[in-house]
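**Student:** One letter stands for each residue in the lines below.
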Amino acid sequence: MFAANYFDGMNGKKHAVHLFVARDSLRVVGAEVMRDISPAAIAIGESFDSAPGILQFADGGHCEIHEPAAKAELLAALGYHKPLVVR
Amino acid sequence: MIDSEIERAEPVLHVLPQTGTAQQQEQIDVDRELRFEFTGSGKEYFRIWIVNLCLTFATLGIYSAWAKVRRLQYFARNTQLDGAAFDFHGNPKAILKGRVLAVVLFAVYHYAFGFSKAFGVAVVGFLFLSLPWLLRGALRFRLHNTLYRGLRFAFTGTLPQAYLVYFPMMAAFFLPAALLALYPGNPGRAALSGLLYLVWPLWHARVKRYQQSHLQYGNLRAEYSVSNGEFFARYFFAGLVGMLGAILAGMLVGGASLLFKGQGGVTYILGFAGSLLSIYVSYLFAAPHLQASIYNLTWSNTAFPNGWIESTLKPNAYVQLQAGNAVLTILTLGLYRPFAVVRAYRYRLEHTAVRINASLDKVTAAPRSGAAGASGDSADDFLGFDLSW
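As given, the protein sequences belong to chains A and B, one line each in that order.
For the first sequence, position 56 (counting from the first letter as 1) is numbered 56 according to the working numbering, and the numbering increases by one without interruption.
Numbering-wise, the working numbering comes out as the position in the second sequence, counting from 1, plus 87.
Misleading hints may appear alongside valid ones.
Just the calculated beta-carbon pair ranges, DEER-fashion [unchecked claim]:
| # | chain 1 | residue 1 | chain 2 | residue 2 | range |
| --- | --- | --- | --- | --- | --- |
| 1 | B | Val-414 | A | Ser-38 | 36 to 42 angstroms |
| 2 | A | Leu-78 | B | Val-138 | 51 to 57 angstroms |
| 3 | B | Leu-246 | A | Leu-78 | 32 to 38 angstroms |
| 4 | B | Asp-448 | A | Asp-49 | 27 to 33 angstroms |
| 5 | A | Ala-43 | B | Leu-282 | 29 to 35 angstroms |
Chain A stretches covered by chain B per the calculated footprint, using a threshold of three residues with CB under 8 angstroms from any CB of chain B [to be verified]:
| # | region |
| --- | --- |
| 6 | 12 to 22 |
| 7 | 38 to 45 |
| 8 | 58 to 72 |
It is worth saying that the hints were derived from the structure and are not from the lab.
Positions of the beta carbon are idealized from the N, C-alpha and C atoms, including for glycine.
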């Protein structure tokens with residue numbers, strides 16, 4: 001379980017959510033949010049040292065993970081590898 | 088991660104922190120000053136910058152489009168406001184298309200006069216005519232691909248407005264050289280047209296009005312109100328600061344030349360170098376002073392519905408910062424450049440705030456057709472293309 005902020009891409013409302021990673025989906029759960037997102041619909045932005053991790057969803061929504069340890073763990077769980085130009 | 092966490096998802100709903108009623112949340116959100124925060128560092132940006140530089144050289148410039156996206160993403164994602172980060176979604180291939188076009192245009196320009204004078208003039212005329220279109224396209228591309236809280240920014244200035252605003256500035260800039268080329272025997276005519284530079288602050292004020300008043304964030308359109316006279320005042324003070332820099336450089340060189348009194352050759356070289364140094368120092372003082380004061384003027388007079396921007400850069404401090412950056416960049420043969428960029432960016436952000444009296448939750452995405460209607464052309468025209476550096 002990872003704490004994150006979710007934005008739906010339709011308005012500026014910030015939703016405090018928790019993320020759960022499974023083999024075939026990412027579940028986004030918050031007071032007003034409940035979504036299962038397929039890995040194919042997730043683009044992971046380049047992970048910079050202190051910037052939040054960004055998961056961009058195909059429908060325009062996205063999640064920001066601000067806590068550094070959670071970001072690292074989540075990206076690892078999602079199978080994120082740093083691009084060649086970063087390594 | 089572990090699949091069993093999915094099963095635990097439902098109970099989590101009961102332990103999530105409660106945010107209170109909508110009314111309470113509204114009170115928390117409104118009437119606040121939001122400060123920008125930059126979480127990047129010069130050291131980290133140096134790694135990105137050096138890789139970008141090497142790969143751009145190795146690929147004969149092709150990688151520069153991807154380098155630009157990485158650079159803009161680095162600065163956007165490390166910029167936070169009210170606990171949310173900015174982002175940049177520009178497509179490197181769109182930038183590459185723009186750069187290929189730029190190279191083609193440059194090559195055509197370079198060889199045009201070799202074919203015939205008429206063809207050369209036609210090419211220069213075409214470039215001149217297309218510049219406002221390209222400048223507007225670059226603004227649209229940059230803003231359309233910048234997001235905050237999942238909502239896009241936009242630029243809604245129209246093409247006819249772009250021509251009205253940029254043409255006088257371009258004419259003032261190019262006319263003296265053009266007249267000199269066309270009438271080499273009559274330099275007085277070119278010199279006379281140089282008087283247009285005296286009203287440069289007016290052209291600058293018009294460009295800034297065009298840029299700032301057509302900003303849009305989500306469904307919020309910016310308003311902007313600055314008189315042209317304000318620009319003349321800032322140029323005047325920046326000119327004084329530049330003169331001060333030139334005097335200081337002159338005194339420094341004058342003192343040095345006293346040490347070599349009687350050595351004609353050395354004094355001559357010092358005099359020549361001193362002139363160049365005076366011009367450079369004058370620029371080094373005046374440019375950041377002007378940049379900071381215009382930045383304050385334009386952003387502090389840009390407002391969105393229920394949101395105001397406050398920019399409080401201190402021009403003298405900014406001059407010191409940028410002068411230090413220039414010296415260190417020269418001493419390190421350019422390697423300090425990424426650190427300098429981060430220092431200046433961080434300084435600008437730390438002196439910029441947003442005051443709101445309504446929740447950002449209420450901002451919605453701009454309807455696609457709305458942007459098209461405002462600009463008078465199709466929503467996607469030229470949005471997949473960028474010619475800016």
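**Student:** Against the structure, test the hints numbered earlier, and report the numbers of the ones violated in rising order.
**Tutor:** 1, 2, 3, 5 and 7
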